[in-house]
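Participant: Here is what each chain is made of, one letter per residue.
2 protein chains.
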Amino acid sequence: MFREKLLKDIEFIIELDKMKSIYRKTNVIGEDRQEDDAQHSWHISVMAIILAEYTNEKIDLLKVLKMLLTHDLVEIYAGDTFCYDKDIESKRKRELAAAEKLYNLVDRKKADELRALWDEFEAMETPESLFANSMDRLQPLLANYKNGGGTWKKYDVSKSDVYQRIAPVKQSSDELWCYVNYMIEDAFQKGLITRR
Amino acid sequence: MFREKLLKDIEFIIELDKMKSIYRKTNVIGEDRQEDDAQHSWHISVMAIILAEYTNEKIDLLKVLKMLLTHDLVEIYAGDTFCYDKDIESKRKRELAAAEKLYNLVDRKKADELRALWDEFEAMETPESLFANSMDRLQPLLANYKNGGGTWKKYDVSKSDVYQRIAPVKQSSDELWCYVNYMIEDAFQKGLITRR
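Protein sequence lines, in the order shown, are assigned to chains V and S. The numbers in this note's numbering rise by one with no breaks, and the one at position 88 of the first sequence is 88. The numbers in this note's numbering rise by one with no breaks, and the one at position 136 of the second sequence is 136.
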């Protein structure tokens with residue numbers, strides 16, 4: 001009656017609802033509750049629409065949006081890893097296993113596209129993935145700045161760690177980088193970041 | 001030091017965080033909590049990526065994603081209106097006032113694009129807006145189906161109201177419409193929708 005492919009797509013869409021229950025470390029601005037992956041993925045996607053004009057190189061915005069909307073799906077099975085966590089190896093292993101499980105839920109062609117987008121996002125070598133990573137990292141930075149330090153304070157993150165984490169912005173947009181630089185120094189001055 | 005435009009964009013992005021606190025009537029699947037506008041906007045945007053291949057006419061997916069990611073922004077000031085609410089006039093009035101306030105936060109060019117996308121979404125005359133509205137309406141339908149009736153049961157919604165609400169799918173995709181039709185009849189058979 002219905003194509004197998006469509007039924008798989010519907011089941012996949014229902015499975016994705018779990019993104020609304022994967023909590024991140026960052027709080028919603030002004031609230032005492034953590035944001036989840038669905039909220040975060042939405043926010044960075046709208047940010048991409050608003051900030052695309054500031055990139056140094058012209059980018060394919062459709063590809064960026066597809067990347068941002070789907071790059072955290074692996075966390076449905078791998079969970080969220082705190083961005084200042086140093087155990088990158090374990091994160092990578094968990095996420096690769098999660099990707100296998102996740103992309104098997106849709107047909108091969110769709111799985112290949114989603115997997116390629118995720119690999120490109122992770123590799124950070126193209127203008128699109130550098131800009132997408134910039135959005136992914138700028139959003140919690142803005143939240144921490146507005147939340148009186150947020151996870152910077154809670155987990156005693158150093159200024160040099162913040163700079164390392166936000167580095168993709170430097171490669172993606174001179175104008176955004178200039179603003180990010182100002183914001184981090186201002187946060188340090190104000191005591192929102194306490195270690196050098 | 002920074003362009004006025006960039007500073008406005010950053011403030012706008014921070015204001016958008018409020019979408020994470022605008023609650024809708026529909027519950028997250030399997031949970032006793034309502035989903036919010038940010039989660040909903042993310043979910044329908046990923047749905048658009050997954051289901052775009054089923055439309056009758058070829059569509060501009062970038063435009064669809066921009067529409068879906070931003071069409072609910074007016075609710076930051078207008079609040080969520082239940083989709084089966086009959087008082088459409090009051091909703092329209094509140095949302096028009098909200099749009100004035102919201103789009104004044106960014107520069108004219110960006111405001112014009114966002115406003116045009118919203119107007120197109122609301123008018124439901126183009127293939128893109130018909131597909132976007134289909135996603136916006138199919139997502140809570142799937143959630144109700146999985147939530148043992150959800151808002152259909154809670155607010156005693158009739159089958160004919162469900163059909164009226166989901167009508168854009170009929171114009172957008174024969175294949176999706178066939179599935180939606182099956183799902184609504186199945187929900188009625190199972191008593192998830194109790195009135196004709």
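Among the hints, erroneous ones may be present.
Unchecked claim - Short, incomplete list of chain S residues facing chain V, as computed with Cβ under 7 Å:
| id | residue |
| --- | --- |
| 1 | 2 |
| 2 | 179 |
| 3 | 181 |
| 4 | 184 |
To be verified - Here are the simulated DSS-like pairs of lysine-lysine, each with C-alpha atoms no more than 25 Å apart in a straight line:
| id | chain 1 | residue 1 | chain 2 | residue 2 |
| --- | --- | --- | --- | --- |
| 5 | V | 146 | S | 18 |
| 6 | S | 170 | S | 153 |
| 7 | V | 18 | V | 5 |
| 8 | S | 18 | V | 153 |
| 9 | S | 170 | V | 63 |
| 10 | S | 5 | V | 58 |
| 11 | S | 18 | V | 110 |
Stated by the list, open to error - Pair ranges (Cβ atoms, derived):
| id | chain 1 | residue 1 | chain 2 | residue 2 | range |
| --- | --- | --- | --- | --- | --- |
| 12 | S | 15 | V | 196 | 29 to 37 Å |
| 13 | S | 101 | V | 33 | 23 to 31 Å |
| 14 | S | 90 | V | 100 | 44 to 52 Å |
| 15 | V | 14 | S | 14 | 29 to 37 Å |
| 16 | V | 2 | S | 32 | 44 to 52 Å |
Derived from the structure by calculation, the hints contain no laboratory data. Note that beta-carbon positions come from the ideal geometry of N, C-alpha and C, so glycine has one too.
Participant: The structure should be examined with respect to each hint, and the outcome stated for every one.
Facilitator: Right, here's what the structure says about each hint:
Contact between residue 2 of chain S and chain V, as hinted, is supported at the beta carbon level, the nearest pair being about 6 Å apart and thus within 7 Å. A cut of 7 Å between beta carbons decides the hint on residue 179 of chain S: the least distance to chain V is about 6 Å, and the hint holds. A distance limit of 7 Å between C-beta atoms decides the matter here; for residue 181 of chain S the minimum to chain V is near 11 Å, and the interface restraint is violated. Hint on residue 184 of chain S is violated. Least Cβ distance to chain V is approximately 14 Å, over the 7 Å limit.
About 13 Å separates the Cα atoms of residue 146 of chain V and residue 18 of chain S, which keeps this hinted pair within 25 Å; it holds. Of the pairs offered as hints, the one joining residue 170 of chain S and residue 153 of chain S holds, with about 24 Å between alpha carbons and a cut-off of 25 Å not exceeded. In summary, the hint linking residue 18 of chain V to residue 5 of chain V is supported, as the alpha carbons are separated by about 21 Å, within the 25 Å threshold. Pair hint residue 18 of chain S plus residue 153 of chain V holds up; C-alpha atoms about 23 Å apart against a cutoff of 25 Å.
Under the criterion of a C-alpha separation no larger than 25 Å, the hint pairing residue 170 of chain S with residue 63 of chain V is inconsistent with the structure, at around 28 Å. A hinted pair counts as satisfied when its Cα atoms are at most 25 Å apart, and residue 5 of chain S with residue 58 of chain V qualifies at roughly 19 Å. A hinted pair counts as satisfied when its Cα atoms are at most 25 Å apart, and residue 18 of chain S with residue 110 of chain V does not qualify at roughly 33 Å. Take residue 15 of chain S and residue 196 of chain V: their Cβ atoms lie about 32 Å apart, and the range 29 to 37 Å holds.
Distance hint for residue 101 of chain S and residue 33 of chain V: a CB-CB separation of about 26 Å, consistent with the stated range 23 to 31 Å. Between residue 90 of chain S and residue 100 of chain V the C-beta distance comes to about 50 Å, which sits within the given range of 44 to 52 Å. The supplied range of 29 to 37 Å is met by residue 14 of chain V and residue 14 of chain S, whose beta-carbon atoms lie about 32 Å from each other. Here the CB-CB span from residue 2 of chain V to residue 32 of chain S is close to 31 Å, at odds with the stated 44 to 52 Å.
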